[in-house]
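Numbers given in this note's numbering equal positions in the sequence shown, counted from 1, plus 3.
If you're looking for bench data, these hints aren't it; they were derived computationally from the structure. Hints are not guaranteed to be accurate.
[To be verified] Pairs of lysine-lysine, DSSO-like flavour, derived with a Cα cap of 27 Å:
1. 10 with 104
2. 104 with 11
3. 130 with 6
4. 104 with 7
[Stated by the list, open to error] Quick list of simulated restraints, FRET-style, between CB atoms:
5. 104 with 76: 19 to 27 Å
6. 11 with 125: 19 to 27 Å
7. 38 with 122: 32 to 40 Å
8. 91 with 133: 27 to 35 Å
9. 32 with 95: 19 to 27 Å
10. 114 with 42: 16 to 24 Å
11. 6 with 99: 42 to 50 Å
12. 77 with 33: 37 to 45 Å
13. 125 with 6: 18 to 26 Å
14. 76 with 36: 15 to 23 Å
15. 11 with 96: 16 to 24 Å
16. 11 with 38: 35 to 43 Å
17. 45 with 121: 34 to 42 Å
18. 76 with 39: 42 to 50 Å
Here the structure is a predicted model, which means the values were calculated and not measured. Beta carbons are placed, not taken as given, at the ideal position from N, Cα and C, and that holds for glycine.
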Amino acid sequence: MTKKEIKKLSILYMLQGIVLIIIATLGTLLVNQFTRVPDLFLVLIYSCLYSVSIVLIVGFFWRMVASDPESLTSLLTNISGFRMLMAFVTMLSFYLLEDSKNLMPCFFVFMAFYILLLIHHTIFFAKVSNRS
4 MTKKEIKKLS ILYMLQGIVL IIIATLGTLL VNQFTRVPDL FLVLIYSCLY
54 SVSIVLIVGF FWRMVASDPE SLTSLLTNIS GFRMLMAFVT MLSFYLLEDS
104 KNLMPCFFVF MAFYILLLIH HTIFFAKVSN RS
């Protein structure tokens, strides 16, 4: 792939990720509005910040490494480990900041964002690797 194609694909990855985050945020706000779930605003902010930061970091690092196919495997493995570590830190912060009755909805909302990003990452990079 040329550098122009790599840049275009990394921007596409980041834009798709941000659009998915916006859709998940709107869905969470709708659930919060029409159910008796406790206030999810704080967990929504954490989930959005986590998701946007992961999408941007992955997009920028992939753009830097994508021209060297031998290092892509280790990059994607390292990204998975980093994503999991940051998810653990984020959920630990939920545990420390929230009271026990609000903890389960926090984990569900965060895991919805996390799984959405995993699915997006898997589908996007599967298509990109099949393309090259």
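Here is how each hint holds up against the structure:
As the CA atoms of residue 10 and residue 104 are separated by approximately 45 Å, the hinted pair breaks the 27 Å bound. In summary, the hint linking residue 104 to residue 11 is not supported, as the alpha carbons are separated by about 45 Å, beyond the 27 Å threshold. A C-alpha spacing of about 18 Å is found between residue 130 and residue 6, which places the hinted pair at or below 27 Å, so the restraint holds. With a CA separation close to 50 Å, the supplied pair residue 104 and residue 7 exceeds the 27 Å bound.
Restraint check, residue 104 to residue 76: a C-beta distance of roughly 43 Å breaks the suggested window 19 to 27 Å. At about 20 Å, the CB distance of residue 11 to residue 125 agrees with the hint of 19 to 27 Å. Here the CB-CB span from residue 38 to residue 122 is close to 24 Å, at odds with the stated 32 to 40 Å. About 31 Å separates the C-beta atoms of residue 91 and residue 133, a value consistent with the hinted range of 27 to 35 Å.
For residue 32 and residue 95, the hinted distance range of 19 to 27 Å is satisfied, since their beta carbons lie about 25 Å from each other. The supplied range of 16 to 24 Å is met by residue 114 and residue 42, whose beta-carbon atoms lie about 18 Å from each other. In this structure the supplied range 42 to 50 Å holds for residue 6 paired with residue 99, their Cβ-Cβ distance being about 43 Å. A hinted range of 37 to 45 Å holds for the C-beta pair residue 77 and residue 33, which are about 40 Å apart.
A C-beta distance of roughly 25 Å is found between residue 125 and residue 6, which places it inside the suggested range of 18 to 26 Å. Between residue 76 and residue 36 the CB atoms are about 43 Å apart, so this pair departs from the stated range of 15 to 23 Å. Taking 16 to 24 Å as the suggested C-beta distance range, the pair residue 11 and residue 96 does not conform, at roughly 35 Å. In this structure, residue 11 and residue 38 meet the distance hint of 35 to 43 Å, their C-beta atoms being roughly 40 Å apart.
Residue 45 and residue 121 have their C-beta atoms about 23 Å apart, which leaves the hinted 34 to 42 Å range violated. Between residue 76 and residue 39 the CB atoms are about 46 Å apart, so this pair conforms to the stated range of 42 to 50 Å.
The earlier numbered hints that this structure contradicts are 1, 2, 4, 5, 7, 14, 15 and 17.
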